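Undergrad: Mind docking chain B on chain A? Use the hints.
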Amino acid sequence: KAGVTQTPRYLIKTRGQQVTLSCSPISGHRSVSWYQQTPGQGLQFLFEYFSETQRNKGNFPGRFSGRQFSNSRSEMNVSTLELGDSALYLCASSFGQPYGYTFGSGTRLTVV
Amino acid sequence: KNEVEQSPQNLTAQEGEFITINCSYSVGISALHWLQQHPGGGIVSLFMLSSGKKKHGRLIATINIQEKHSSLHITASHPRDSAVYICAVRGRGETSGSRLTFGEGTQLTVNP
Numbered sequence: 011k012a013g014v015t016q017t018p019r020y021l022i023k024t025r026g027q028q029v030t031l032s033c034s035p036i037s038g039h040r041s042v043s044w045y046q047q048t049p050g051q052g053l054q055f056l057f058e059y060f061s062e063t064q065r066n067k068g069n070f071p072g073r074f075s076g077r078q079f080s081n082s083r084s085e086m087n088v089s090t091l092e093l094g095d096s097a098l099y100l101c102a103s104s105f106g107q108p109y110g111y112t113f114g115s116g117t118r119l120t121v122v
Numbered sequence: 303k304n305e306v307e308q309s310p311q312n313l314t315a316q317e318g319e320f321i322t323i324n325c326s327y328s329v330g331i332s333a334l335h336w337l338q339q340h341p342g343g344g345i346v347s348l349f350m351l352s353s354g355k356k357k358h359g360r361l362i363a364t365i366n367i368q369e370k371h372s373s374l375h376i377t378a379s380h381p382r383d384s385a386v387y388i389c390a391v392r393g394r395g396e397t398s399g400s401r402l403t404f405g406e407g408t409q410l411t412v413n414p
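Sequences listed follow chains A and B, in order.
Mapped onto the numbering used here, the consecutive letters of the first sequence carry residue numbers 11 to 122.
Mapped onto the numbering used here, the consecutive letters of the second sequence carry residue numbers 303 to 414.
One chain only, chain A, in its complex shape (with noise of 0.2 Å):
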């Protein structure tokens, strides 16, 4: 059975640029959650989708948004990027409450 799918593995984008990254969840998960990794704050929820609908935020600036399609895959965005946006991102699917997750490998994104 095929994992949780993330694109692109590495990125690297300028100041400014716009980036939009990918998340394609185990077939039959509705739910996708993205996290944000760093060095000095480690792992961060930035937000979850359940069926298209956002169901939870974390606390990150309008600049990170998400959406979910009709295929739960899903995909978030950053706009105005700044180098504190350098991070591994990682998306996780699941059935939603009861169950538990599976993560993806994470796309690597270097802002400079």
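FYI, nobody ran anything at the bench for these hints, they're computed from the structure.
As the structure is a prediction and not an experimental result, all values here were calculated from the model.
Take the hints with a grain of salt, since some may be wrong.
If you want a taste of the chain B side facing chain A, the calculated C-beta under 10 Å gives, among others [what the hints assert, rightly or not]:
id, residue
1, Ser332
2, His335
3, Gly354
4, His358
5, Pro414
C-beta: ideal position from N, C-alpha, C; glycine also.
TA: Chain B only, in chain A's frame:
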């Protein structure tokens, strides 16, 4: 004070040793997760606990809901167990959704 605290932050062991990593949390939870992260970033979900104890191979996870404490044990440790181990909790309530709050992680190194 962080909502999820792990100890120790770093742990070095000799192959074959019994290892314990601890996690304390300060909020009400619906589940606690133990995650493993290898260099390169991919995260593997090891356990999801809401009560009691679970065992998978050489790994054992326990949780004490009253004391808000969980432990991850590795028996007969091996160099391939070297990784970062992360404790994460999911809050209660429908609005918590898939929101996870993470500990800072424990870097485990097992020497041959």
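Undergrad: Are the hints correct? Go through all of them and say.
TA: Hints versus structure:
1. For Ser332(B), the interface hint holds, since its Cβ comes within 10 Å of a Cβ in chain A; the closest pair sits about 7 Å apart.
2. Proximity of His335(B) to chain A holds as hinted, the smallest CB-CB distance being about 7 Å (cut-off 10 Å).
3. Taken as an interface hint, Gly354(B) does not check out: its beta carbon lies about 15 Å from the nearest beta carbon of chain A, beyond 10 Å.
4. Evaluation of the His358(B) hint against chain A yields a violated restraint, the C-beta minimum of about 12 Å exceeding 10 Å.
5. Restraint check, Pro414(B) versus chain A: the minimum CB separation of about 27 Å is more than 10 Å; hint violated.
Hint violations for this structure: numbers 3, 4 and 5, all remaining hints satisfied.
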